[in-house]
Every structure is written in C-alpha cells, then in structure tokens.
Amino acid sequence: MKFIVCILFLLSSVFGVILKDVNIKSNQDNLEILLFLDSKFKDKVIRNDTSTFSSIVLKNLIYNKNRINSKTKFVKNIEIFGKGDDVYIVFDENNFNLEYDLEVLNSNDAIKILLKPKESILSSMLSTKPQSLEDAISSIKEQNNITAPKLESWRYISVIIILIILIIALILVKRKTLRKNSNFEFSYFRKPSISVSQSINLDLKNKIIVIDSKDSSYILFVGQSGSFIIDKIERFKEQDLEKLLENKKNKISYLLKAYEDRYEYK
1 MKFIVCILFL LSSVFGVILK DVNIKSNQDN LEILLFLDSK FKDKVIRNDT STFSSIVLKN
61 LIYNKNRINS KTKFVKNIEI FGKGDDVYIV FDENNFNLEY DLEVLNSNDA IKILLKPKES
121 ILSSMLSTKP QSLEDAISSI KEQNNITAPK LESWRYISVI IILIILIIAL ILVKRKTLRK
181 NSNFEFSYFR KPSISVSQSI NLDLKNKIIV IDSKDSSYIL FVGQSGSFII DKIERFKEQD
241 LEKLLENKKN KISYLLKAYE DRYEYK
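Counting from 1, one number per residue, gives the positions in the sequence shown under the numbering used here.
Just so you know, these hints were derived from the structure itself, not from any lab. No false leads were slipped in.
Here are the simulated lysine to aspartate or glutamate pairs, EDC-like style, with alpha carbons at most 16 Å apart:
hint	residue 1	residue 2
1	112	43
2	249	203
3	207	246
4	65	38
5	118	101
6	40	21
7	243	231
8	42	86
9	76	93
10	232	215
11	257	203
12	20	85
13	42	85
14	118	103
15	20	109
Please read these numbers as outputs of a predicted model, since none were measured by experiment.
Put together the whole structure using the sequences plus the hints.
The structure is reproduced here in structure tokens:
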C-alpha cells in the first residue's frame, strides 16, 4: 500500500496537479469559478489583459476534459480549456480589466476565482451616506482652516524670494553700469593731449606743421591746394627732429617751386 501511495505521489509531482472538476456560480454581486484539484496548486498564475478579452493561465495544471463555455450576466462568455500542461480561463469581454476586479484564491485542493464588477463613480456617489448641510459646511470650513494658512504662507514666501532676487539683480546691473561709466570717464580724461609743437612757413600760402601726440609726432603739409600728412615719426631728440624738418622743408620747397614754374610755363 505504501508503495502505491509513493508511486501516485511521484506521478503527481512529475505530471503536475490535475483539475478534476469546474463549478461556475453567479449572483447579483459577483461570479465565482471553483476549480477542484487532486492536490494543492503551487505553480504560477499568469494574467493577460487586452482590449477585447482577458485570460488567466494556470501553469502545470492538467485538464483533459471537454472545453467549457459559459454565458453569465457579467461576462458574455467564459471559456475553460486545457492546453499542454496548462489550463486557460478566457473572459470574452471588452475592457475586462477596466470593468471588473479579479481575485484568485488558492486553498489545499481548490482554486477560487472571484469576479466582481468595479464600482463606478456614480454608484460610489450614490452609495455614500449623504451629509447634512451643517456637516458639509463645517467640513468645508475645517478644510479651509487647514489648507489656507499653508497656501497663504507659501505665497508670501515665494513673493519675498522673487523680490529679493529682483533687488539683487538690480544692484548687480547698477554696479556694472557705474563701473562701465567710471572706466569710460577715467579713460576719457586720460586720453593723450594733441598739440601743435612747430609751424614752419614755406611761403605765404604753404607751411609745415608738427603735431605732437603721446608717443608720436606727425608732420603735416598745409597749403592752398590741400593738406596731407607727410610723415609719422616716433619720439626722438629735438636736434634730430630739426634736421628732419629742415630736410622736409627743402624737399617740399623744391617741389612747390617746380610746380609753380611748370604752371607759369603753361
């Protein structure tokens, strides 16, 4: 006898749990599917939901009987069938997971699948106990007393933070503007002065002018026909400058005389 029990135990462990019978019960509130087994179910329960149907797969549960089709007031059609070593329970209903709550309960030798319609917003509102006008007003006052100070304090804090940020930004902009203005004024007053250091008359109508700036001197020709820069020279000794001016004077005088002679010849 013990040998036979051991053999049955080994066979059940190898081939899995066997589904012996199925019972479907429904009433106004829920739907029950009872699965009677030969031993305790210890494997996975997998649920799959789509927009057109929902299914439960009981892994390693053997069912060799005919396919079960059942129509109920909750679901259009329920199919229960075995495929391989698994049992499939298919609920043929659109948006099943949105309309119904599904619960799987496992005991020693049975599985209960409990199906309940989800409570709609309208039904929950209708099932809620109505409050009196005084209770509703007092609850509203309590909520306002609790939330209003928090909200007002948060608003005050946010306004103060924004004002502080604006003040800091204005101070930074003002400092930057003042710094630019001070740098501009300082650099303006430090600009090197320009002065005429020498003026050499070539004749009544033409002359040479030397203009000194910070690091350089400019030799300009100013005449009846126009004015132009003759040369730009760096700072050097006054004697060398006199020699250079004498040289420039002689060259320009020669050019002017040649120009005047040519003009008179024409």
